Amino acid sequence: GNSVTQMEGPVTLSEEAFLTINCTYTATGYPSLFWYVQYPGEGLQLLLKATKADDKGSNKGFEATYRKETTSFHLEKGSVQVSDSAVYFCALGSGGSYIPTFGRGTSLIVHP
Amino acid sequence: DTAVSQTPKYLVTQMGNDKSIKCEQNLGHDTMYWYKQDSKKFLKIMFSYNNKELIINETVPNRFSPKSPDKAHLNLHINSLELGDSAVYFCASSQGKDSTEAFFGQGTRLTVV
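Top line first, the protein sequences correspond to chains A and B. Position 16 (the first sequence) corresponds to 16 in our numbering; numbering is contiguous. Numbers in our numbering are just positions in the second sequence, counted from 1, shifted up by 112.
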């Protein structure tokens, strides 16, 4: 079945540091890939997505590239801010069924 | 105008009680979900409905019963609440198969005492 593996957190960085959160997946077919962000006390919201191999999703300075050869969709940001502190979820679309698959989430803490 | 709204936001109740959480979406989506998020932020899908029909019913106790009166609403009723049911419950919706972007509600924090 489908699965998503994310690096465990928390990831703790100083403001303006470079961020990478690793995500790899196992899936049949070619699902869409997503990163969601959950700010404290809120629901998840879509951060970015990619629908096919080599696509790059980007939003708010974050980006991730759909790598079919390594089955990865790592999240990166060049310079994090305190306001980026949140939990980040990698997810893959259901590929024809109704079951989206989420990773376990990675907590990011950014210090001033 | 909130896209996916769920009520209540907080729910504190005693063991053994029965409670409901309501969810409504105004996005015109045909698929709705209930997720349970534990204290470590792990998201577990519980149910999925497509056009009012139950599509996914993961291994959850039968004390949990979803109800979808129409495709814009998916409510969750929980009987005989237990301490282990304490969690944040999220409603979400999306359009069609392959889960194009899912929209989540703000969550309901359920505490069973």
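Hints are computed from structural coordinates only; laboratory data are not their basis. As the structure is a prediction and not an experimental result, all values here were calculated from the model. The beta carbon of each residue, even a glycine, is placed where N, CA and C say it ideally should be. There could be a bad hint or two in this list.
Output of the computed footprint for chain B on chain A, the stretches with three or more beta carbons under 8 Å from beta carbons of chain B [to be verified]:
| id | region |
| --- | --- |
| 1 | 12-22 |
| 2 | 99-111 |
As a list, the in silico DMTMM-like pairs of lysine to aspartate or glutamate whose alpha-carbon atoms are at most 25 Å apart [stated by the list, open to error]:
| id | chain 1 | residue 1 | chain 2 | residue 2 |
| --- | --- | --- | --- | --- |
| 3 | A | K77 | B | E136 |
| 4 | A | K52 | B | E213 |
| 5 | A | K60 | B | D142 |
| 6 | B | K153 | A | E76 |
| 7 | A | K52 | B | E136 |
| 8 | B | K153 | B | E136 |
| 9 | B | K153 | B | E165 |
Here is what the structure says about each hint:
As drawn, the region 12-22 of chain A meets chain B at 0 residues by the rule of a beta-carbon pair under 8 Å; below three, the given contact is violated. Look at the region 99-111 of chain A against chain B: 6 of its residues bring a Cβ nearer than 8 Å to a Cβ of that chain, three or more, so the hint holds. About 34 Å separates the Cα atoms of A/K77 and B/E136, which puts this hinted pair outside 25 Å; it is violated. The straight-line distance between the Cα atoms of A/K52 and B/E213 is roughly 15 Å, inside the 25 Å bound, and the hint therefore holds.
Under the criterion of a C-alpha separation no larger than 25 Å, the hint pairing A/K60 with B/D142 is inconsistent with the structure, at around 29 Å. Our distance criterion of 25 Å between C-alpha atoms is met by B/K153 and A/E76, whose separation comes to about 21 Å. Between A/K52 and B/E136 the alpha-carbon distance is near 31 Å, which puts this suggested pair outside the 25 Å criterion. Only pairs whose Cα atoms come within 25 Å are accepted, and B/K153 paired with B/E136 is accepted, the gap being roughly 23 Å.
Between the alpha carbons of B/K153 and B/E165 the distance comes to roughly 28 Å, so the proposed pair goes past 25 Å and is violated.
When held up to the earlier numbered hints, the structure conflicts with 1, 3, 5, 7, 9 and fits the remainder.
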